[in-house]
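Chemist: As they're listed, the protein sequences go chains S, U and A.
Be aware that the first sequence starts at 1, since it is given in our numbering, and climbs by one per residue.
Be aware that the second sequence starts at 1001, since it is given in our numbering, and climbs by one per residue.
Be aware that the third sequence starts at 2001, since it is given in our numbering, and climbs by one per residue.
Don't read these hints as lab results, they were simulated from the structure.
Don't take each hint at face value.
[Stated by the list, open to error] Covered stretches of chain U (in silico footprint by chain S; criterion: 3 or more residues with CB under 8 Å from a CB of chain S, positions within the stretch not fixed):
no., stretch
1, 1083-1090
2, 1133-1144
3, 1165-1178
4, 1223-1237
[As the list claims (entries may be wrong)] Incomplete in silico selection of chain A near chain U, CB under 8 Å:
no., residue
5, Met2242
6, Asn2244
7, Gln2265
8, Gly2267
9, Lys2291
10, Val2293
11, Ala2314
12, Ser2375
13, Glu2379
14, Arg2381
15, Gln2400
[As the list claims (entries may be wrong)] Computed cross-link-like contacts, DSBU-like style, restricted to lysine-lysine with a CA-CA straight-line distance of at most 35 Å:
no., chain 1, residue 1, chain 2, residue 2
16, A, Lys2159, A, Lys2338
17, A, Lys2456, A, Lys2338
18, A, Lys2159, A, Lys2144
19, U, Lys1143, A, Lys2353
20, A, Lys2144, A, Lys2353
21, A, Lys2144, A, Lys2338
22, S, Lys66, U, Lys1143
23, A, Lys2144, A, Lys2049
24, A, Lys2144, U, Lys1143
Keep in mind that this is a model prediction, so the values were computed, not measured.
No residue lacks a Cβ here, since even glycine has one placed at the ideal position from N, Cα and C.
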Amino acid sequence: MHPILALILRRLALSGLILTMVSALVFAGTEVLPGDALDATIPADELIFYTEDDLAQMRAELGLDKPPVERFVDVFTGLITLDFGVTLLTRDPVLPGIWHALLNSLLMAGLAVVITPLIAISLGVAAALRPGGRVDGLVSGGTLFAYSMPDFVVGNVFIIVFALQLGWAPAVLMIAESAPAWQVLAAAILPVAALTVSGVAYQFRLLREGMVDALGSEFIERARLAGVPEWQLVVRHALPVAVIPMLNGTAQFVAAILSSVVVIEAVFKFPGIGVELIRAVSQREVPTVQAITFLAASAVILSNLLADIALLALDPRVRRRYGR
Amino acid sequence: MAVEALPARVPSRLREALISPLTAIGVTLVAIHLVLALFSPWIAPYSVSAIFTDGLTPPSAEHWLGTDQIGRDYLSRLMSGGRVALLVSAVGAAVAVLVGTLLGLMAGYLGGLIDDAIMRVTDAVMAVPELVLIAILVLTFGKDIAALSVIVAIVYTPGVVRVVRAKTASLAALDYVRAAELRGEPIPRILLMEIAPNLGGLLAVELAIRMSSAILKISALSFLGLGISQPTPDWGLMVQEAMSVVFTDPWFLILPAAALSSLIIGINFAVDGLARAYGISAKGTR
Amino acid sequence: MPFLTRRQLLTQVSAGATVLTLGHLLDPTKALATTADAVEGMLAGQEPKEGGTLTYGQTYPNWALGQSSRGEHPYFWLDLLTRSVWNGLTWVDEDLNVQLELATALTPSDDLTVWDCDIREGVMFHDGTEMTADDVIASLNFHKDAIGLIRQNIDRMEKLGPHSVRFHLVSANAEFPYALAEYRAMILKAHENADEIGFDGIGTGPFRLIEIDNARQFRAERFEDYFGAGPYLDGLVGVQTMGNTAINGFRAGQLNAVWNIDPGQIGQYEEAGGDVHASPAGDQFWLVMPKNVSFPWNDVRVRKAMSLAIDRPAINRIVYNDPEGWTGNDSHMTGVTKEFLPRETERDIAQAKALLAEAGYGEGVTLPAMVFCPSFPEEPRIYPIVSESLAEAGIQLEFQERPCDGFNPFVNAVNQPIGRPRRNLVGPRNPFINLSRASSQNAAEPGGWSGPESEKYDALVLEAVGTPDPDKRVELYQEAQRILQENVPGIMLGGRRNMVAHKPEVKNARSHSQNWSSRFEYIWIDS
């Protein structure tokens, strides 16, 4: 087998393993630690409302009277096959209830995941052209500041400034949950802009550091002496090297974006999965929380896998190291 | 014991770092916030839940920042607004650094199956977005102060494990560690006496960035209505409340947002200084 | 006049007559005004212009139907303001009197068990077909299955002619016309498959539904063949606006009206160029205290102490800026009606403490947390005031916020039929129905209140509704309220009004005390 293919397969297997462990984690967090899903659903001070018989009957109905191992296998196969069961309160199937919200969030998060590195790279290049210069100082200071702003403040300030003061974007997202993708994307522009702020700040800081390091390397120094123009050094030579740590941090970056999605959706009342998550947690709706958590982790793992493959394509050193 | 071990040089580096104006600002901000968080119930002029006026009032001699929409003293609420988030994050992050260091040392030094096991678990935990993980754990543990501290510890341990593991693996290859091994010193002794002392700066940075991330997440949780709830004051909650009157009374948004941001900026400035002092890449995580 | 069995009457929990006097009982058709006259009255002296779109925000959507996912049926939509797309046989006006809307006559039999209804002729559905008795029967049969209120009233229906229906009631009911005015009793177009009625979203109302997402918004357009005056608007859009999206949307000009605004934002709306219309009454908050499990409030002294400790005037001053507003009297009665009996003592912390000590809680008492959802945007500001004032008497009561979407299933998921400790919403209706909500026949709201006092209360309420002399009725209703104040089966906070904010060019956008009874055909935009 081609070594690269073998490597990709190994990564795939590892992703599968991690996903399995995420299911175990979700299961442990929601069903083992509190006792079971029912205990997670009913806080201790509300147990007063149930007789032992009620609880036993509910456990039987939800299949919670089975031994933990069997229950884990149930939950696990459910999660893996995207069969998330029914809600505890209304016994409605979980997936259809969150499906449109899921797609909408996927559109929004996807847009942010693509745009954020592009902005970060542009700013990184601009700053690296003259390290310590005015642009660098401005952007570096700005990102440090942006990086310290909570998402919910950024989102609200964006609404005030761009929707209410300038009128560039709608203040109320008047789209149906099942709206076509283009409508969702159009409505998502301001939320995505708010979403990218902290991501850009984080990635810029990573990138700038890598660029400054790379630009100070002997190899670049020699090229500079040979008369290669500075912008070429930055774009052709320093950038590809500096992008590698960024790609390495893909899992963390995507996870961070998804955390922000929850907050930004709540601020903008965007019809997405974050809003559903908040509702599910408030109502202690364990199956829905399990489903959303699993899907979010899957998205993180999948994007990490893609980044790994991109890394293989981009970085000869990695290929050499693993390709033996 | 290797003579070139770092500890001896730490104080001068720290001093150097503190001289940098940004770091000094950062450390000062953090110190102010810590004092407020610890002592606000005694410093604040009034109780945070007592009602004094019939709704919003402008600043006055009795109420320096006026009163909020329910007529409660705004200054007192602002002073206490970071208390829960900061204390919970500090305790949780400290536990995360402690546990994460132990696990990271083991994984990085011992390698093999133990390393694999520890790292796959951290991969799994880190695959779940922090806020989502916190939300699940709130479901499991509740949202009182003890529960939130445990939650912060669980969420931030894996990140620390990763960083410590990487550093440990590189240190383990150094001569003085090899020398200790050759002397036949027991593994716990090597980990704690030879490797751990070199993690000082790294751990300080880790503690700070995990803390700032935790504070942001805990206030986001309150903003979303899943965390700290009325009548306990919280900056996240106050920002949420302020949005309803932001055009006529913008300071209700500006003050808690500034308070929260100044704490995070303080921590980040301090981290930058620390990181520079110890030559650590200043990558924060959120 | 024993025309109702006690059980049947008391289990009916909803619409009724505030001012149903003897005249109505003997000849309701004579006393009932028609909605068409009311619409004309509203437009009198105005020169309405045609055109424009009303895009209104609704902060209080139809959570009564549970959660948005249940709203797949277009009729179970996001808004209680159903009279934009549909019409009922009757309508309750702004003074809470019932009027004839699609009905032209409602005539009871002498024993009030059979009501004959004449239906307006020439009323067109949005698909161009005429509304007939078949549609009325099909609709109410459908509602009968879905809505307890209709089921408890109507036994069966009989078609007397193309525009005439006979209702055979479960039991005699002088207030039947009010039941037909409920927002969930609208007339839908009959469907060959009874299960599919309503899915087409077709009604007789002034606007025709074009698009709907039950969890978020709907769009409707002018219905040219509307049977009454108007409509004047080309389009009508309703949007759920939770939290600050309402004021933001209004400020940004995306919304030109908002129903059920936050009273704390009146200044914000005015600053954004809006006018505010407030109705005399509105939905109220009733604290449900389950007494079927072991809680401190099972002791009546604890409940009385709670009622004495809560600073209701502070809520009126702080939240509503309405220091003269009425305060709840621990019945479901609205303070602006003449049958209302105010409590003797507004607030007495010393007495509350004494009662607590007597009950064995001299050191204070911690009560189980109550859940609420911010159905009305000011709610999160109300409960801290309640908690703080209770704390003054040594009573610790925490209020926990939950999302409104799915709140009812959440509340009812445990401890049936009473559910969790919570606040319930109470719309202003007639005294009989209001008071029957505190009857032990309706277990949920009084939280399982029982005993001789409870039985005495039930008897009094029944006696009152069967008493011809209006003055005597008021007396009996007040006696019933006195019993509630002695026993405090639940706590009423009170004082709230419904409010609508609108741009000045939007005319006749009005708040209604029964907030679901707002009308849209007379709204016009002065451009």
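Chemist: Does each hint hold? Answer for all of them.
Modeler: Each hint, compared with the structure:
Here the stretch 1083-1090 of chain U counts 0 residues with a CB under 8 Å from a CB of chain S, which misses the bar of 3, and the coverage is violated. For the stretch 1133-1144 of chain U, the stated coverage by chain S holds: 9 residues have a C-beta nearer than 8 Å to a C-beta of that chain, and at least 3 were required. Check result for the stretch 1165-1178 of chain U against chain S: violated, 0 residues qualifying (beta carbon to beta carbon below 8 Å, three or more required). Check result for the stretch 1223-1237 of chain U against chain S: holds, 5 residues qualifying (beta carbon to beta carbon below 8 Å, three or more required).
Interface restraint check: Met2242/A against chain U, minimum CB-CB distance 11 Å, threshold 8 Å, status violated. Because the smallest distance between the Cβ of Asn2244/A and any Cβ of chain U comes to about 5 Å, under 8 Å, the interface hint for this residue holds. Restraint check, Gln2265/A versus chain U: the minimum CB separation of about 6 Å is within 8 Å; hint holds. For Gly2267/A, the shortest C-beta to C-beta distance to chain U is roughly 6 Å, which falls under 8 Å, so the interface hint holds.
Given the 8 Å rule on beta carbons, the hint for Lys2291/A is violated: about 26 Å separates it from the nearest Cβ of chain U. Interface restraint check for Val2293/A: the shortest CB-CB distance to chain U comes to about 21 Å, outside 8 Å, so the restraint is violated. The interface hint given for Ala2314/A holds, since its Cβ lies 7 Å from the closest Cβ of chain U, which is under the 8 Å cut-off. For Ser2375/A, the interface hint is violated, since its Cβ never comes within 8 Å of a Cβ in chain U; the closest pair sits about 14 Å apart.
Restraint check, Glu2379/A versus chain U: the minimum CB separation of about 11 Å is more than 8 Å; hint violated. For Arg2381/A, the interface hint holds, since its Cβ comes within 8 Å of a Cβ in chain U; the closest pair sits about 5 Å apart. Nearest Cβ of chain U to the Cβ of Gln2400/A: about 7 Å, under the 8 Å cut. The hint holds. Restraint check for Lys2159/A and Lys2338/A: not satisfied, since their Cα atoms lie roughly 39 Å apart, outside the 35 Å limit.
Taking the CA atoms of Lys2456/A and Lys2338/A, the gap is near 23 Å; set against the 35 Å cutoff, the hint holds. Distance hint between Lys2159/A and Lys2144/A is fulfilled; the C-alpha atoms sit about 17 Å from each other, no more than 35 Å. With a CA separation close to 31 Å, the supplied pair Lys1143/U and Lys2353/A stays within the 35 Å bound. For the hint pairing Lys2144/A with Lys2353/A, the CA-to-CA distance comes to about 48 Å; that exceeds 35 Å, so the pair is violated.
Taking the CA atoms of Lys2144/A and Lys2338/A, the gap is near 32 Å; set against the 35 Å cutoff, the hint holds. Distance check on the hinted pair: Lys66/S and Lys1143/U sit about 29 Å apart at the alpha-carbon level, within 35 Å; holds. For the proposed pair Lys2144/A and Lys2049/A, the alpha carbon gap of about 40 Å is over 35 Å, so the pair is violated. With a C-alpha separation of about 44 Å, the suggested pair Lys2144/A and Lys1143/U falls outside the 35 Å cut-off, and the hint is violated.
Hint check: violations occur at hints 1, 3, 5, 9, 10, 12, 13, 16, 20, 23 and 24; the rest are consistent with the structure.
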